[in-house]
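> Starting from two chains that each stand alone, build the complex the way the hints lay out.
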Amino acid sequence: MHTIRATEEPVNRKTGSHPAIRFEQGPIPRGPLHDLNAQLPDILKDVVSRSFAEVKPDSHEWLLSEAYYQERTRIRREAKGGLAALPTAPRRMRDRALWGKVQSGLRRNSAEADRGELTRAVIKHYAHEIGGHFNPSIYWVATRLVPYGFSWLLNAASVRRFLPWGMTESLASRLRIVGQIPHLQKLARKGTILLVPTHQSNVDSLLIGYIIYLMGLPPFAYGAGLNLFSNPLLGFFMSNLGAYTVDRQKGNPIYKAALKNYSTRILEQGIHSIFFPGGGRSRDGALEYKPKLGLLGTGLQAQIHNLQAGKQKPNVYVVPMVTSYHFVLEAKSLVEQYLEQLGQHRYGGPTPSEESLPLARTAKFFWNLFGSQTGITARIGRPLDIFGNFVDEEGRSIGPNGTSIDPQRWLTTGGELRTDLQRDQEYTHRLGRKLVERYYRENTVLSSHLVAFSFFSALRRKYPELDLFRFLRLTRPQRSLRTDAFMEEAARLHRAVLDLAKQGRLHLSEELMTENTEAWVKDGISHLGLLHDASIVKIQDGAVWTEDMNLLYYYRNRLSGYGISFLSSTDRPRAPGELDEKGFLA
Amino acid sequence: MKRDFWRKSTIAVIGGGSWGTVLANLAAENCPEVRVWLRDEESVRAVNATRSHPKYLPDIKLNARIRALHDFERVFDGGVHAVIWALPAKACRERAREAARFFTGSEVLLHATKGVESESLKRISVVLEEEIPCPRVGVISGPNLAHEIATGKPAATVVASRFREVVEAGQEILSTSKFRVYGGTDVIGVEWAGTLKNVIAIASGWLDGLGLGENARAMLIARGISEMVRLGTAFGGQQSSFLGLAGVGDVIATCTSPLSRNYRVGLGLAQGLSLDAILEELGSTAEGIQTARTVWVFSRERRLHVPIFERVHRVLIGELSVAQALDELMSEPVSQDISVS
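Listed in order, the protein sequences are those of chains E and U.
Convert by adding 715 to the 1-based position in the first sequence; the result is the number in our numbering.
Convert by adding 724 to the 1-based position in the second sequence; the result is the number in our numbering.
Please note that the accuracy of each hint is not assured.
[Claimed, not checked] As a list, the in silico DSS-like pairs of lysine-lysine whose alpha-carbon atoms are at most 25 Å apart:
id : chain 1 : residue 1 : chain 2 : residue 2
1  : E       : Lys1026   : E       : Lys760
2  : E       : Lys1237   : E       : Lys1253
3  : E       : Lys760    : E       : Lys965
4  : E       : Lys771    : E       : Lys839
5  : U       : Lys846    : E       : Lys1149
6  : E       : Lys1005   : U       : Lys779
Read the hints as simulated data drawn from the structure, not as lab findings.
Bound conformation, chain U alone (with noise of 0.2 Å):
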């Protein structure tokens, strides 16, 4: 491949939410010209206007090289060579659908979404593969909690995918001095890790909620990623993949933060309101709902044991409340501490 190919090259966003935001702009230091597709056109004109997002990350500026638009068609102008995809779970597929016929093929499709399609389990690169006629995707998934990159500090990420050139592409695109890509192959793990965290993040917000301390939100951590990497193996990942920055970095930066969106329905959860008045207040969905639902079914068929994923399922359909819940597990009978296989 010819040297600085990827620093040459044209980008594409799909998704300007805060992450989207930041991933474009992460790219704009490295590559001379990077558009984003923002959903309505008021957004399109405020992001273009201001120089920033207004509605997500008011406070950071953007790069002059990033255009907002908001029709593919513009987005795909004479080719872009690589495209970050970052839209939520549940908008990937009827997107995909209507972006195909803009890609040529020879684009590399990284995307940063975290969850899966609903009902259908099916990971979210899979969903892409099945719409759009590009076969090198990868995926981008790691402890990143958008604002504090958008900031500039220290942070680092996964990209995953069978193709090298694809997590060359992702190292080449979005490496700073401040954010560092580390590559991967199994697809499976990245994904699913960056899925399942999101059901650890609300039963770590329960225990802020009732002020159980540090020593609970360990416990928590540990005995949860056990549970991630026995899901994780059984839908085809590799336990490896739950111990790196997609999976255990993930679940701790997730399940410290209380900017995390799934921390913050276990936090009020824990403190008696209802899941409508939180999503409520929180003005978006959180990943972590949907995918604790579909995960107990999974686990329900295939007879794993899961405590935590049922428990947390549980408590959102309102069988539980999150006192009986943790009761309940503090009571679960003990055995090996690591028996994950």
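Bound-form chain E, shown alone (with noise of 0.2 Å):
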């Protein structure tokens, strides 16, 4: 079986002119998950049980008719078949069974209706919903089938003559897996792991569950949106790879409940998971600012339960991730999604439409991606206790002079070892803000971010009272810079994140290192959105014009929030995700 260097160094740096040849195929490692199964039944009783006590005797009415309703109007939408998130037929059957049943319970009184048990009812349809599907038997042939399958496609996708655009690069400058890879190996072994990776594309979960599988980890328990589902594909691969569904069209608190529950048992579980912080893709092409603290706090859950219980490992250890893309083949609508909800009537674009995933599209996706993109750089961060604090390769939270801090110690609260809703919360709280911070810390800049980035920038000198919306409506002309105004920026900014870089806010990827700025810009314009119709930055005859400049805005401001953002007046300064006073993420 492979393993990965100890290193600091990227994974797989030097490969011969085969590359894939360097990942050698080692089965899976076998982890809590795999023995799922057997304890499904236990687990799904424990969440009905678990989500029902958190149910307020006096609240069962209420709480049914605000699911009741918004389950009905979910269903009326997609009856007119307007979403992509399609539930599957039989799901879909027992979902109008479910409603009908509460409907018609909900009409009669309550004595002749207990809404108690309707309330069971709803919790237990949702409770398998969410995690009811795992089929072990097509675990295992998956979990076989999955590492050849992506070793194949890497292989094919390399191979030069399928690729008309002629790439031949290796697949060390591919797929980069750089950062703390040694100490989540071990931590994998000391306590329960919650991967907490960055949000652009869809294809984020699977390319995080081969990069897990290159770093010899057992396979990791994931919430997808259940749209993923919908496509034969990519369901196949998610449903029996430990993914659960989580419907973010589901917002009744009987559904959070049961997904809540979901997650912290199967953490207690000691099954390694993943979620999304973000709560779904970056609309804005941003690094993660708003974490969503719901599912992130069913690791502290699960640490109590787990301290509570004595366990042997009861340690959850959050490991911030960070996947740096040169595209994102979402990006169009997933910045238009942005731009319509921001500016509204001001927002003059085609109405965003949201992407489906048929399985032609997503096999072209997957061939694009690994024919043809280059420099995905994914980071592991440095990991972190379940309060934000760092944690020593020992698993051992690392408090500020020297100090070692015992979790427990966090957790005792009125002199016992308890659970405390508005101080967990408050953990919580202090967890996702250390996370965003993580986030821009590990976050690794590449040549056509900058390359974006410096060309918006410029343009921006040259239009410093437009508002965003004015600004994204240039035309064509307008939109077009002088090479050397361009070029004078781009070196200007390059010293600016080489300085960050120095201080250790940002990473700097290799093509980046260089002190000559048209190699840099070169590799940058070569790699920015390569797959998109429209050229997103592009120079000639002495000019630098972009043809979209939405997709020019979605690349840009993935170095937002660092304080190297051009501003028309600096009356402050602006945390990740702000705005500045012309409605520009600064």
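This is how it looks when you write it as structure tokens:
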């Protein structure tokens, strides 16, 4: 079985002419997920009883009617077929049966139809929808098949004759896994890992699954959006590799309780898990700045339960991970959604459509990904404990001034180890703040990001008075610059990010570790948003221009939040995710 | 939480200035054991021998449950449940660093320091969190002239923390029949209110030094609070905190009491004394001097309109006389009375 070298260096730096050979086929290591099938009935039973216990006895009626109302709206919307997030047919049938029952139950008085029983039925339905589809035999096949499949893709896609664009880069330049790999590998044996990657593209989950495999870790459980399950290929990968379903359409409290309890329960089982704390893919292209704390908090609850039960390995470790891409296939629809929501009537662009993921498109996506995408960088960040403190290689939490932290102490309230809703919310807030800080620091800036950022910045200098939406509507001749003006800005911003890198506030890809501005700019332009129909930054005849302002903004936003954005007035510093006075991400 | 948990707990008070000593006395009314950390051994002996604080509060009797100690090891021996931190701002980081390894992490840490770290402008709760592995931190602040509370006169304060249990601890430990403890969540606002009011107190001393009367003081307080809100919200605090005990309450107490060190600095300046001479007479520093300078830098960067803070700073650095400063303030253009946000 392969292992990854225990260094800070990229995992797969040196490769031969046939890179995929580097990745020897190893069996997927056994982990607690393998035994999920045997434990699933127990887990689901716990989820139901815990969620039920959280419902206050006098609030059944209210919760049920709220859930019913929302679900009826959702089912109607789905029936119209407007949404991509269509559940599969049997799931739809079960849905209808349940809500029919709830409806008729709510019509009768509570003596005839026990509200508690109805609530329990709803919770049970949700629990099974979330986690109840694990299939051990498919899992067995998939865990053996998937690594081969990936390697095949990597192999085949790198053969020149299949690639009209003539890319022959070695795999090494396509996927760089860097950062705290040995640390993560060690911690995976000392506790339960909660991997919290940034999220840009639907391809993230598969890529991350593959990276986990490359690192020699057992498969992770992961909450995948229901829309991914509607795609046969993705659905196959997901549901059988430990994914459980998360349906973001369902916002009612009963569903949320069931989801949180499922996540808590599998973490307690020692099953490593993945959450995307951003909630969904980054719409604006920026790094995550507003983490969703609901699921994040389940790590803390799991650790408290583990400590209370006196488990051997009670700790949950939170490991940030930042993936950097030169292009994101969904970028156009993502940024259009963002702009429409932000600008409403001021956004004059096309109505964004939620892109569906039919089989052919997905296949093409992967083909493109492995064939032409270069320089995907995935950085494993410094592991944290459940409060956001760093942990050492032994899994101990590190406090200030060389102190070590005993998590049990932080969880002691009124002299006893216990959960405390308000305290735990505050701890999870703390973790969220820390995560955002870590994302910005663990980010690897690619040459294309800096090209987009520099061009955008230079263009804004030309029109400092325009607000975001007027700026994005610049006409073609208006959105071009003389090459030297652009190059000057690029060199200036390059110095700025070199400085930030020196301070440890971000990382730079190798292409940017050069004094030669032209070299990295050329590299950046050749990779930036490679597969979009429009050129995002183009240099020709002494001028630089863009064919798509929205996409330019999307890719440029990756470097927002570092305090290097152009501001037309500098009245105060901006936190990540804050807009400046003209509506641009600062 | 078990009932009466805090009423059976051991309390450490770090710092035995007048306010720290009074807080220890309040805590001792509710808790069986209160350990007070003092910097020098001599004071420890004096306090334990005389059962009073000869330097700051010679006429106040200390509760028998209080024991003074001078090393952290013994203060934290066997574990304490709550730590009340009452050191001057400039000593906080260094002491926190020394004390860090004695914390277990389950303590509740309440600080009663009015001031911020100079240069960095970091609030004391931030300094403590950076140095001590103890997340549950809160602040005590309000119109609390130590001597009045020590002699049993009625008063109230605010305990603010993002953790509800910290607020509860503060209320359980410090409440007495003469001392009311209100709760809050806006740590930033409460800390900045307690810090900023010291600057207003200096200006209040001017008014009395020149005998300008009560209308002038009321004007100063009301306009001063407007400026405090402007600054405090820029720092991330909530406006409402400045309208409570920690804001308006503390400003009124500090601006009207001849006991306040900051007020006495202002008074001395108006009487034509030099700052050095005043400080020598006080025998200690006044937090408002440093605060005026750090805030001045900040308000310039952010272009905040804070004319009173600006004039206090310029008088302190000798750029203006008190009379000139008041003249300038009276000729500021007038605008809306309430235009804080």
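> Against each hint, give a clear statement of whether it holds in the structure.
Hints, verified against the model:
Under the criterion of a C-alpha separation no larger than 25 Å, the hint pairing E:Lys1026 with E:Lys760 is consistent with the structure, at around 21 Å. With a CA separation close to 10 Å, the supplied pair E:Lys1237 and E:Lys1253 stays within the 25 Å bound. The straight-line distance between the Cα atoms of E:Lys760 and E:Lys965 is roughly 21 Å, inside the 25 Å bound, and the hint therefore holds. With a CA separation close to 17 Å, the supplied pair E:Lys771 and E:Lys839 stays within the 25 Å bound.
Distance hint between U:Lys846 and E:Lys1149 is fulfilled; the C-alpha atoms sit about 18 Å from each other, no more than 25 Å. Pair hint E:Lys1005 plus U:Lys779 does not hold up; C-alpha atoms about 51 Å apart against a cutoff of 25 Å.
In summary, the one numbered hint that this structure violates is 6.
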